[in-house]
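Engineer: Sequence:
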Amino acid sequence: MASSDRVRVRFAPSPTGHLHIGGLRTALYNYLFARKHGGDFLLRIEDTDQSRYVETAEDDIMDALQWTGLTYDEGPDVGGEHAPYRQSKRADLYRSYAEKLVEAGAAYYAFDTEEDLAALRDEGVTYDLHTRHQMRNSITMSDDQVQDRLDAGADYVIRLKVPERETVRFEDEIRGAVSFDSDEIDDQVLLKSDGLPTYHLANIVDDHLMEISHVIRGEEWLSSTPKHVLMYEALGWTPPTFAHLPLIMSPNGGKLSKRDANTLGIPVYVTDYQEEGYEPEGLVNYLALLGWNPGTEEELFALDDMVEAFSLERVGASGVQFDLDKLRWVNEHYVRALSVEALVDRVRPYVEDAGYSASDDRLHEICELVQERVQVVPEIVTDNRYFFEDPDEYEEAGVEKRWKDASADLLSTYADRLESVEEEDFDADTVETELRNLADEEDVGAGAIIHPARLAVSGRSYGPGVFGLLATVGKQACIRRMRRAVETLG
RNA sequence: GCCGCGUUCGUCUAGCCUGGUCCAGGACGCCGGCUUUUCACGCCGGUAACACGGGUUCAAAUCCCGUACGCGGUACCA
1 MASSDRVRVR FAPSPTGHLH IGGLRTALYN YLFARKHGGD FLLRIEDTDQ
51 SRYVETAEDD IMDALQWTGL TYDEGPDVGG EHAPYRQSKR ADLYRSYAEK
101 LVEAGAAYYA FDTEEDLAAL RDEGVTYDLH TRHQMRNSIT MSDDQVQDRL
151 DAGADYVIRL KVPERETVRF EDEIRGAVSF DSDEIDDQVL LKSDGLPTYH
201 LANIVDDHLM EISHVIRGEE WLSSTPKHVL MYEALGWTPP TFAHLPLIMS
251 PNGGKLSKRD ANTLGIPVYV TDYQEEGYEP EGLVNYLALL GWNPGTEEEL
301 FALDDMVEAF SLERVGASGV QFDLDKLRWV NEHYVRALSV EALVDRVRPY
351 VEDAGYSASD DRLHEICELV QERVQVVPEI VTDNRYFFED PDEYEEAGVE
401 KRWKDASADL LSTYADRLES VEEEDFDADT VETELRNLAD EEDVGAGAII
451 HPARLAVSGR SYGPGVFGLL ATVGKQACIR RMRRAVETLG
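Heads up, the first sequence is in this note's numbering, so the first residue is 1 and it goes up one at a time.
In case anyone wonders, no lab produced these hints; they're calculated from the structure. Even for Gly, the Cβ is constructed at its ideal location relative to N, Cα and C. Treat each hint with caution, since some may be false.
[What the hints assert, rightly or not] Restraint-style ranges between C-beta atoms, simulated for each label pair:
1) D427 - G355: 20 to 30 Å
2) D144 - N252: 56 to 66 Å
3) G105 - D181: 17 to 27 Å
4) A406 - G254: 52 to 62 Å
5) T71 - E424: 42 to 52 Å
6) N262 - D73: 31 to 41 Å
7) E103 - G195: 11 to 21 Å
8) E308 - R385: 40 to 50 Å
9) R348 - G195: 44 to 54 Å
10) N262 - K100: 41 to 51 Å
11) S420 - R385: 21 to 31 Å
[Unchecked claim] Subject to a maximum C-alpha distance of 27 Å in a straight line, what follows is the list of computed DSSO-like cross-link-like pairs (lysine-lysine):
12) K192 - K100
13) K258 - K326
14) K475 - K401
15) K89 - K100
16) K192 - K89
17) K475 - K404
18) K255 - K326
19) K36 - K326
The task is simple: from the sequences and hints, build the whole structure.
Structural biologist: Written as structure tokens, this is what we have:
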């Protein structure tokens, strides 16, 4: 038995699909809290809803945690003292506690049909202490009738028997004192007719048995917490400390949904961030800041430093809007921190996916040039296609502003000069010298050639330093593109 | 509808518990300048908020009450 004051927290996702970004943040805060206090962080799979179960989801969750570096001490794949860590494997356990609650007078059997329940719902009322007397259950039926039904193998559920006129109070680490009037709490189903528990039962049984000290979860659970408290009390258990995290919302308001992924370009699943080339450290760093702050003006944290700085007291209570710009800003710092070699490895798959090819040396050159100019790795490709193929059009505003009457002649002459440069001498210094010499001879500013050259070679008016750009694009391509621009733009 | 939770710049937030140091600080974004005879990076500067109404107090972003608004819950889903 671990000592009761040891910090033990869990991330308890339901395997219903890809791990949501909000789920990852919940996992992160649990992880930070556990590590900060030298405690344990466990992963528990809450697969008690067979109809929503998705085969691949469990792996997806574990992959996401691994990708982001949120290592857990106990879980379905790593085992632990309290195994199994999949609720579907613990079904008998929950049933026995449900029966214990019935014996304690805190729960009861119910035999209502779908129709009965639908009728109740149609009246706009819930199954609770006001309506339970008109339903078919062990409160309204005689013991013999109940026993007969059970013996006959009839379908039944076990419901929580919420006490009357009680105020259920608990202390939330983030919100302070929270209280609910028991008259407002419904008689939650604890054990379903398929024999599996609902979240509410499974959650408190496991949290108790697994010696969880702090339940850190999303705010959507706040309203069910009084039910949980009632169960802890009925079983004579000490409830864990609760902390309900603010929800992550869409910039439009409301929950961050799949729809936002499309309309606002905000990915909602962890796998999406992975595919879109975000740095896991950057994502985690940003997520930590979404609802928590260190109390200093620091914003960029490695995971270990976050652990050091983390505390639940500094987690806000209000909902937070996801800000993609800020994530990108955080991410860019992690892109810059990469060695050029690492960046080459990171970007290669995106280069290949785009159907381009480039040697390591060439990619190295490109990365050096653009590392400080991208926020997310794939932008090295998507924002700089001219490294891989000739531009097929010229940015209109750039042409407007930079392509002058004399541009064609100057660029044409510049191309001529570059023709005579040996392939192996075609580096940034040489193309710069050639350009500046020409500018002097023609008595024009260097910009009179720089701008048209950039436009011709990259199709755009902005990008990395133009001489490095020309050198990296290469002699033949530069000349070809310059001649073509002279032709096209006149 | 009912219940719960929340409300400081467009956004993330500091400050609120322990009222005065806050005509409210930082960051992202945006705008401008410097730098670069190019683009960016960088640096400098600017923009912009205490939801509203009462109350308590010599004094309120900070305490109390109410209203509005937002979010969550209201399933044999989690």
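Engineer: Would you list, in rising numerical order, the hints stated earlier that this structure does not obey?
Structural biologist: The structure breaks none of the hints.
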